[in-house]
Amino acid sequence: MNAEALAFYALAAMVLVGGGLVVQSRNLVHAAVSLVPTLLGVAGLYVLLHAEFVTAIQILIYVGAITVLILFVILLTEGATGLRVRQRNEQVPLALLVCGGLAVLLLGVLVRVPWGPAAGPLPPYNPGAVGRSFLMPYVLAFEVTSLVILASLVGAIVIARREE
Amino acid sequence: MPLDWAYVAVFALVGAGMAALPLGIVWLLAPRSAYPQKRIPYESGIVPFGEAWSQFHVRYYLFGLAFLLFDIEVIYIYPWAVVLRELGGFAFVEMLIFLGVLGVGLAYAWKKGALEWV
Amino acid sequence: MIGLSHYLVVSTLLFALGLYGVLTRRNAVAILMGIELMLNAANVNFVAFTKFVDPTFVRGHVAALIVITLAACEAVVGLALVINAYRHLETVNVDQVDLMKG
Amino acid sequence: MVVLAAVVFTFLAVGGPLFLVLAERKISAWIQARVGPKHVGPHGLLQTVADTLKLLYKENIVPHRADVVLFSVAPILVAVAALLDFVVIPFAPGWVVRDLNVGILYFAAVSSLTVIGILTGGWASNNKYSLLGGLRSAAQMVSYELPLGFSLLVVATLTGTLSTVRIVEAQPYPAVAYPCVVVAALVFLVAATAEANRIPFDLPEAEAELVAGYFSEYTPMRFALFQLGEYGSLLASSALFTTLFLGGWKGPFAFPGLGPVGNGLVWFLGKTYAVVFFLMWVRWTYPRFRIDQLLNISWKLLLPVSMVNLLVAGLLVVGIR
Numbered sequence: 001m002n003a004e005a006l007a008f009y010a011l012a013a014m015v016l017v018g019g020g021l022v023v024q025s026r027n028l029v030h031a032a033v034s035l036v037p038t039l040l041g042v043a044g045l046y047v048l049l050h051a052e053f054v055t056a057i058q059i060l061i062y063v064g065a066i067t068v069l070i071l072f073v074i075l076l077t078e079g080a081t082g083l084r085v086r087q088r089n090e091q092v093p094l095a096l097l098v099c100g101g102l103a104v105l106l107l108g109v110l111v112r113v114p115w116g117p118a119a120g121p122l123p124p125y126n127p128g129a130v131g132r133s134f135l136m137p138y139v140l141a142f143e144v145t146s147l148v149i150l151a152s153l154v155g156a157i158v159i160a161r162r163e164e
Numbered sequence: 001m002p003l004d005w006a007y008v009a010v011f012a013l014v015g016a017g018m019a020a021l022p023l024g025i026v027w028l029l030a031p032r033s034a035y036p037q038k039r040i041p042y043e044s045g046i047v048p049f050g051e052a053w054s055q056f057h058v059r060y061y062l063f064g065l066a067f068l069l070f071d072i073e074v075i076y077i078y079p080w081a082v083v084l085r086e087l088g089g090f091a092f093v094e095m096l097i098f099l100g101v102l103g104v105g106l107a108y109a110w111k112k113g114a115l116e117w118v
Numbered sequence: 001m002i003g004l005s006h007y008l009v010v011s012t013l014l015f016a017l018g019l020y021g022v023l024t025r026r027n028a029v030a031i032l033m034g035i036e037l038m039l040n041a042a043n044v045n046f047v048a049f050t051k052f053v054d055p056t057f058v059r060g061h062v063a064a065l066i067v068i069t070l071a072a073c074e075a076v077v078g079l080a081l082v083i084n085a086y087r088h089l090e091t092v093n094v095d096q097v098d099l100m101k102g
Numbered sequence: 001m002v003v004l005a006a007v008v009f010t011f012l013a014v015g016g017p018l019f020l021v022l023a024e025r026k027i028s029a030w031i032q033a034r035v036g037p038k039h040v041g042p043h044g045l046l047q048t049v050a051d052t053l054k055l056l057y058k059e060n061i062v063p064h065r066a067d068v069v070l071f072s073v074a075p076i077l078v079a080v081a082a083l084l085d086f087v088v089i090p091f092a093p094g095w096v097v098r099d100l101n102v103g104i105l106y107f108a109a110v111s112s113l114t115v116i117g118i119l120t121g122g123w124a125s126n127n128k129y130s131l132l133g134g135l136r137s138a139a140q141m142v143s144y145e146l147p148l149g150f151s152l153l154v155v156a157t158l159t160g161t162l163s164t165v166r167i168v169e170a171q172p173y174p175a176v177a178y179p180c181v182v183v184a185a186l187v188f189l190v191a192a193t194a195e196a197n198r199i200p201f202d203l204p205e206a207e208a209e210l211v212a213g214y215f216s217e218y219t220p221m222r223f224a225l226f227q228l229g230e231y232g233s234l235l236a237s238s239a240l241f242t243t244l245f246l247g248g249w250k251g252p253f254a255f256p257g258l259g260p261v262g263n264g265l266v267w268f269l270g271k272t273y274a275v276v277f278f279l280m281w282v283r284w285t286y287p288r289f290r291i292d293q294l295l296n297i298s299w300k301l302l303l304p305v306s307m308v309n310l311l312v313a314g315l316l317v318v319g320i321r
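Protein chains in written order, with the working numbering: chain A, 1 to 164; chain B, 1 to 118; chain C, 1 to 102; chain D, 1 to 321.
Some hints could be false.
Straight-line Cα separation of at most 25 Å, BS3-like style, residue types lysine-lysine; simulated pairs [claimed, not checked]:
no.: 1; chain 1: B; residue 1: Lys111; chain 2: D; residue 2: Lys300
no.: 2; chain 1: D; residue 1: Lys54; chain 2: D; residue 2: Lys26
no.: 3; chain 1: D; residue 1: Lys58; chain 2: B; residue 2: Lys112
no.: 4; chain 1: D; residue 1: Lys54; chain 2: D; residue 2: Lys38
Keep in mind the hints are simulated off the structure, nothing from the lab. As the structure is a computational prediction, the values presented were derived from the model and not from experiment.
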């Protein structure tokens with residue numbers, strides 16, 4: 001087994017074990033902290049896929065910001081007092097069936113599909129390539145995102161603030 | 001390129017090992033005497049009451065959300081910074097619009113008092 | 001040799017895990033965490049397809065970045081709703097948040 | 001080979017902060033017209049060694065009903081995050097652990113991991129002061145991450161690269177860009193001080209109101225890891241400041257007989273420790289801000305200023321072209 005395969009299996013294990021803890025932990029703070037190894041593992045997969053810029057952004061935004069915000073809200077609402085409350089609803093058997101079925105179905109499809117021939121090489125300098133892409137062919141998406149961010153800023157402030 | 005990040009991973013592992021090492025030494029060397037009073041959380045000398053968790057003000061969340069939404073801009077500005085020299089004027093105008101829209105957001109949050117610690 | 005299908009298997013399993021969390025959790029924040037897992041699974045796919053199938057304009061990376069942005073926006077608004085619900089109803093369990101019944 | 005290098009480097013990165021603790025005590029004593037540590041070794045130089053040995057012999061206490069796992073992991077996370085900052089710092093020509101393509105973005109990303117360590121450490125202690133200190137610290141650190149990020153972006157815009165090595169090579173900046181660079185440098189300095197939770201931004205551990213903030217319940221060695229993280233990130237921020245704004249390893253003249261690497265190291269370390277000294281000087285001279293003042297500085301002063309500064313830098317780059 002070469003280094004790449006070793007790294008891939010280690011990262012995949014990290015992602016899936018972490019993800020399992022996220023959905024399974026009774027303690028919500030533990031679930032939120034388990035997001036950290038999961039998301040870092042996904043960042044590691046991006047490294048193996050030569051997506052440096054996405055890796056750095058994944059760590060900066062997902063691990064460093066979204067997880068912090070989720071932790072904030074858990075501490076602001078229930079903290080760990082949720083331990084005394086039932087954390088699961090009555091759909092567990094159904095959910096197991098649906099998710100297991102979906103996974104089996106997708107896996108069955110994707111091992112049969114012949115994914116075309118290997119693609120050409122990626123552009124050498126990743127942040128530059130992303131920048132050129134954003135500013136030229138995908139400029140509309142780029143500008144619209146700023147509107148989306150503005151809308152969610154306004155919306156979240158209106159919703160979260162205490163009413164006068 | 002993945003090799004660069006292999007260094008990062010090795011550093012993280014070695015660093016964690018080096019951080020855990022003194023904890024191991026403490027575990028070997030340090031005395032251990034447990035009695036319940038020693039483990040009471042410190043609360044200015046009185047016996048702690050209630051839960052350590054209690055209701056916190058929503059203001060923490062307001063700062064958190066403003067942070068997250070302004071932090072995301074960075075995703076778009078870093079690539080812009082790298083290619084600006086090569087693409088020139090129109091790239092600058094695009095960023096002007098982008099930051100202008102977010103400036104409106106900052107002004108709104110400011111005016112609505114979401115940035116006040118009250 | 002690690003190929004496209006290896007990454008797809010991981011992302012499929014992660015997606016199923018996230019979906020399981022969304023379907024079974026009662027706490028709204030925990031449901032959001034499940035959604036984050038599903039979005040990450042999608043992102044792994046985007047980036048993997050860029051490397052193995054279509055590197056034009058690194059458009060998979062662009063899509064992944066936009067998904068990360070939207071995930072952040074979704075988290076911000078969703079968590080604001082959670083806080084608001086908690087303030088009015090003293091609970092964040094979605095099966096008890098049923099204002100529409102009046 | 002890589003592992004060996006990492007071990008050696010980690011020793012250095014741990015040794016640097018340990019030395020800083022002593023430096024801080026000596027400098028604070030000097031500023032306050034005291035003598036400072038003087039009994040252990042010549043002029044008290046071995047004080048830190050004695051302190052470390054003492055810490056190793058002290059009992060680790062986990063508070064009642066604390067979350068043992070997170071309580072133990074949090075300080076390690078903080079220390080590792082500080083250590084990882086050093087990966088992209090170029091000490092001399094060719095002397096950088098790894099010149100990542102996304103260098104300064106990597107720096108910002110890795111230092112943002114500290115917040116999680118502090119927040120979980122504060123929560124896991126099962127202590128009201130710790131939790132409040134952790135939340136405050138998190139609110140402060142995230143607020144100052146933004147201006148810090150914008151300063152990095154100004155440099156990236158002017159040089160057109162994210163790699164720390166190439167940023168050093170691109171310096172000195174063109175003369176027209178100086179106003180931009182100076183503003184970015186000032187913003188960076190303020191934000192880095194706040195990120196390191198140091199006076200005048202040490203609200204999270206304001207001893208008059210919060211005991212010791214998020215590490216109130218931490219006993220010797222784990223507390224030392226938090227300290228290590230704090231001084232490590234202080235050193236890392238100073239080193240990054242040197243790299244981005246002071247020309248890194250470049251100096252106005254070369255010392256004869258040292259060769260390029262020796263010269264680079266001398267200049268780089270000299271500048272870095274000058275920045276460290278400056279931050280310590282500030283710490284022992286100014287009083288603490290109130291938390292509302294602290295957040296106002298970030299959101300209503302530094303953030304708008306640095307957004308405008310970024311646009312000016314962009315205009316300059318387009319103009320120069």
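Do the hints match the structure? See the list:
1. A C-alpha spacing of about 11 Å is found between lysine 111 of chain B and lysine 300 of chain D, which places the hinted pair at or below 25 Å, so the restraint holds.
2. Annotation: proposed proximity of lysine 54 of chain D to lysine 26 of chain D holds, straight-line Cα distance about 20 Å (limit 25 Å).
3. Among the hinted pairs, lysine 58 of chain D with lysine 112 of chain B is inconsistent with the structure: their alpha-carbon atoms are about 51 Å apart, more than 25 Å.
4. A distance of roughly 17 Å separates the Cα atoms of lysine 54 of chain D and lysine 38 of chain D; the hinted pair therefore holds under the 25 Å criterion.
Hint compliance for this structure: hint 3 alone is broken.
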